[in-house]
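Number of protein chains: 2
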Amino acid sequence: MCKGGIRLNQPKNNKHIEKHFTATDLIRDIVIGMSDGLTVPFALAAGLSGSVTGTNIVVIAGLAEIAAGSIAMGLGGYLAARTEQEHYENELARERREIIELPEYEKEEVADVLREWGLQEDIIEPAVKQISSDPNRWISFMMKHELGLEEPEPKRARNSSITIGLSYIVGGFIPLFPYMIIHRDVSALLVSVAATLTALFVFGYVKGKFTGSKPLKSAVQTTLVGGMAAATAFTVAKIIS
Amino acid sequence: MCKGGIRLNQPKNNKHIEKHFTATDLIRDIVIGMSDGLTVPFALAAGLSGSVTGTNIVVIAGLAEIAAGSIAMGLGGYLAARTEQEHYENELARERREIIELPEYEKEEVADVLREWGLQEDIIEPAVKQISSDPNRWISFMMKHELGLEEPEPKRARNSSITIGLSYIVGGFIPLFPYMIIHRDVSALLVSVAATLTALFVFGYVKGKFTGSKPLKSAVQTTLVGGMAAATAFTVAKIIS
Numbered sequence: 005m006c007k008g009g010i011r012l013n014q015p016k017n018n019k020h021i022e023k024h025f026t027a028t029d030l031i032r033d034i035v036i037g038m039s040d041g042l043t044v045p046f047a048l049a050a051g052l053s054g055s056v057t058g059t060n061i062v063v064i065a066g067l068a069e070i071a072a073g074s075i076a077m078g079l080g081g082y083l084a085a086r087t088e089q090e091h092y093e094n095e096l097a098r099e100r101r102e103i104i105e106l107p108e109y110e111k112e113e114v115a116d117v118l119r120e121w122g123l124q125e126d127i128i129e130p131a132v133k134q135i136s137s138d139p140n141r142w143i144s145f146m147m148k149h150e151l152g153l154e155e156p157e158p159k160r161a162r163n164s165s166i167t168i169g170l171s172y173i174v175g176g177f178i179p180l181f182p183y184m185i186i187h188r189d190v191s192a193l194l195v196s197v198a199a200t201l202t203a204l205f206v207f208g209y210v211k212g213k214f215t216g217s218k219p220l221k222s223a224v225q226t227t228l229v230g231g232m233a234a235a236t237a238f239t240v241a242k243i244i245s
Numbered sequence: 005m006c007k008g009g010i011r012l013n014q015p016k017n018n019k020h021i022e023k024h025f026t027a028t029d030l031i032r033d034i035v036i037g038m039s040d041g042l043t044v045p046f047a048l049a050a051g052l053s054g055s056v057t058g059t060n061i062v063v064i065a066g067l068a069e070i071a072a073g074s075i076a077m078g079l080g081g082y083l084a085a086r087t088e089q090e091h092y093e094n095e096l097a098r099e100r101r102e103i104i105e106l107p108e109y110e111k112e113e114v115a116d117v118l119r120e121w122g123l124q125e126d127i128i129e130p131a132v133k134q135i136s137s138d139p140n141r142w143i144s145f146m147m148k149h150e151l152g153l154e155e156p157e158p159k160r161a162r163n164s165s166i167t168i169g170l171s172y173i174v175g176g177f178i179p180l181f182p183y184m185i186i187h188r189d190v191s192a193l194l195v196s197v198a199a200t201l202t203a204l205f206v207f208g209y210v211k212g213k214f215t216g217s218k219p220l221k222s223a224v225q226t227t228l229v230g231g232m233a234a235a236t237a238f239t240v241a242k243i244i245s
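Chains as they are written, first to last, in my numbering: chain W, 5 to 245; chain P, 5 to 245.
Any given hint could turn out to be false.
When chains are identical, the list treats them as one kind, so a pair holds in a single copy or across two.
To be verified - In silico lysine to aspartate or glutamate, EDC-like type, Cα no more than 16 Å apart, as pairs:
hint: 1; residue 1: K218; residue 2: E95
hint: 2; residue 1: K111; residue 2: E150
hint: 3; residue 1: K213; residue 2: D189
hint: 4; residue 1: K148; residue 2: E120
hint: 5; residue 1: K159; residue 2: D29
hint: 6; residue 1: K159; residue 2: D138
hint: 7; residue 1: K218; residue 2: E90
hint: 8; residue 1: K221; residue 2: E90
hint: 9; residue 1: K218; residue 2: E93
hint: 10; residue 1: K221; residue 2: E112
hint: 11; residue 1: K148; residue 2: E108
hint: 12; residue 1: K148; residue 2: E113
hint: 13; residue 1: K148; residue 2: E93
Rather than coming from a laboratory, the hints here were simulated on the basis of the structure. The model shown is predicted, which means the values in this text are computed figures rather than measured ones.
Using the sequences plus the hints, can you model the full thing?
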């Protein structure tokens with residue numbers, strides 16, 4: 005599934021640009037969940053429809069996949085966000101100890117970071133003094149620039165996982181619905197393929213708008229991945245059945 | 005599937021700590037792909053096995069899912085990495101133009117970043133001068149601290165996607181294999197559940213080691229997500245069949 009890919013596709017957590025929950029975040033999560041939900045249930049249904057008789061098994065397998073996928077994505081994402089939060093808090097506590105126990109060493113680390121950005125020695129000493137004059141600012145400087153850790157937003161991550169998981173379910177029904185109402189295998193497959201490729205294109209387009217990539221390109225890529233996945237699943241199922 | 009979650013779980017791209025391909029990266033990708041590959045094919049197979057007669061359909065559906073999932077994950081991840089790379093290059097070109105066309109404005113943006121870290125006005129002016137004396141360093145400072153963009157590593161991202169996609173296939177065979185060799189439904193299900201939960205625990209443990217979270221906790225979480233997904237898929241398939 006494209007989840008791995010989609011995460012890569014999201015803009016990095018940029019504190020300057022967006023800090024709070026926004027309607028945009030919500031819409032983006034919905035679009036990500038739905039376009040993911042379209043892909044694998046679609047491919048599975050298309051794959052199975054070439055190898056089993058009757059649309060009943062396609063529907064059962066499809067719904068089982070949607071259930072499994074949405075749980076794994078929603079719950080998996082939620083637990084991962086919690087783990088990330090704990091990891092951040094542990095590191096924060098360690099930095100807090102270190103600036104008390106090893107202040108000189110920690111100051112030298114701030115200096116190293118500044119040196120890397122091209123600051124000259126004449127400025128580094130006063131700059132380190134200014135940064136380290138406020139313990140909270142000092143710690144957050146170390147977290148960000150020494151450890152490369154951004155402060156996680158636990159509520160946002162949790163809500164995001166739940167939204168993506170639920171949207172996966174909604175998205176998954178698009179490829180499956182034709183098999184539920186049309187009971188002739190080939191017709192159901194054709195309607196499902198047409199509906200899903202259209203939906204993948206539309207969602208890919210909207211996803212591109214919300215993730216900062218070119219909408220048309222995102223539309224073509226999303227459709228391509230879904231189509232390739234379905235074609236491969238169809239071929240594999242045909243060969244072994 | 006847990007892909008969304010897993011990405012969250014990975015340590016942030018930390019240039020100070022690791023810059024090059026390492027054996028660790030490879031192992032981590034393999035473990036991530038395999039533990040993901042275990043989850044949904046497992047849940048799908050378990051779900052179907054309660055509702056269809058014969059292990060044949062379970063195997064066909066499982067292999068179709070593995071094919072679809074690995075394509076979506078590998079190809080999806082690869083295309084997303086390419087998009088991210090292009091996005092970075094576009095922004096880089098824009099910053100390169102801006103430091104020539106609007107140097108004063110861009111210097112003021114560097115000053116804003118430094119102010120946020122707690123530097124005082126007496127240092128900010130010379131610090132901005134030093135950072136902006138080297139155009140490349142200036143641009144990379146803006147990319148990182150104004151836009152929050154890290155330089156992507158396209159080769160690493162591509163290899164990572166391919167490794168994860170292939171490992172997904174290998175992982176997916178663990179829950180499916182019992183259905184291939186045992187043709188009594190209930191026995192196959194029990195062996196698959198036992199083998200997969202064990203594998204989820206082991207891979208979750210190793211994944212924790214490679215992603216910076218507590219190994220035992222990661223093991224329990226990975227097993228829990230897989231088990232919940234399978235139980236839900238089983239229940240859904242039972243209800244509708």
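* Within, between, both or neither, where K148 and E93 count as close if Cα-Cα is 16 Å or less -> within (13 Å within a copy, 23 Å between copies)
* If the cutoff is 16 Å on CA atoms, where do K148 and E113 land: within, between, both or neither? Let me know, please. => Within one copy, since 12 Å is at most 16 Å while 19 Å is not.
* Asked: Given identical chains, is K221 near E112, meaning Cα to Cα at most 16 Å, within a copy, between copies, both, or neither?
  -> So K221 and E112 fail the 16 Å test inside a copy (46 Å) and across (35 Å) alike.
* Asked: For the identical chains here, do K218 and E90 meet the 16 Å Cα criterion within one copy, between copies, both, or neither?
  -> For K218 and E90, the Cα distance is within 16 Å only across copies (10 Å; inside one copy 35 Å).
* **Intra/inter-copy verdict for K159 and D29 if alpha-carbon distance must be at most 16 Å** => Within one copy only: 13 Å inside a chain, 29 Å across chains, cut-off 16 Å.
* Quick one: K218 to E95, C-alpha cut-off 16 Å, is that within a copy, between copies, both, or neither? -> between (37 Å within a copy, 13 Å between copies)
* Up to 16 Å between alpha-carbons, please classify K213 paired with D189: within, between, both or neither. => Answer is neither: 36 Å inside a copy and 47 Å across each miss the 16 Å cutoff.
* **Same-copy or cross-copy closeness of K148 to E120 [CA-CA at most 16 Å]** => Close inside one copy (14 Å) and across copies (13 Å); limit 16 Å.
* Asked: Between K159 and D138, at a C-alpha cutoff of 16 Å, which is it: within one copy, between copies, both, or neither?
  -> So K159 and D138 fail the 16 Å test inside a copy (27 Å) and across (40 Å) alike.
* Could you figure out if K148 and E108 sit no more than 16 Å apart (CA to CA) within one copy, between two copies, both or neither? => Neither way: K148 and E108 sit 19 Å apart in one copy and 27 Å across, limit 16 Å.
* Same-copy or cross-copy closeness of K111 to E150 [CA-CA at most 16 Å] -> Within one copy only: 11 Å inside, 24 Å across.
* Asked: Taking 16 Å as the upper bound on the Cα-Cα distance, should K218 and E93 be classified as within, between, both, or neither?
  -> between (36 Å within a copy, 13 Å between copies)
When each numbered hint is compared with the structure, violations occur for hints 3, 6, 10 and 11.
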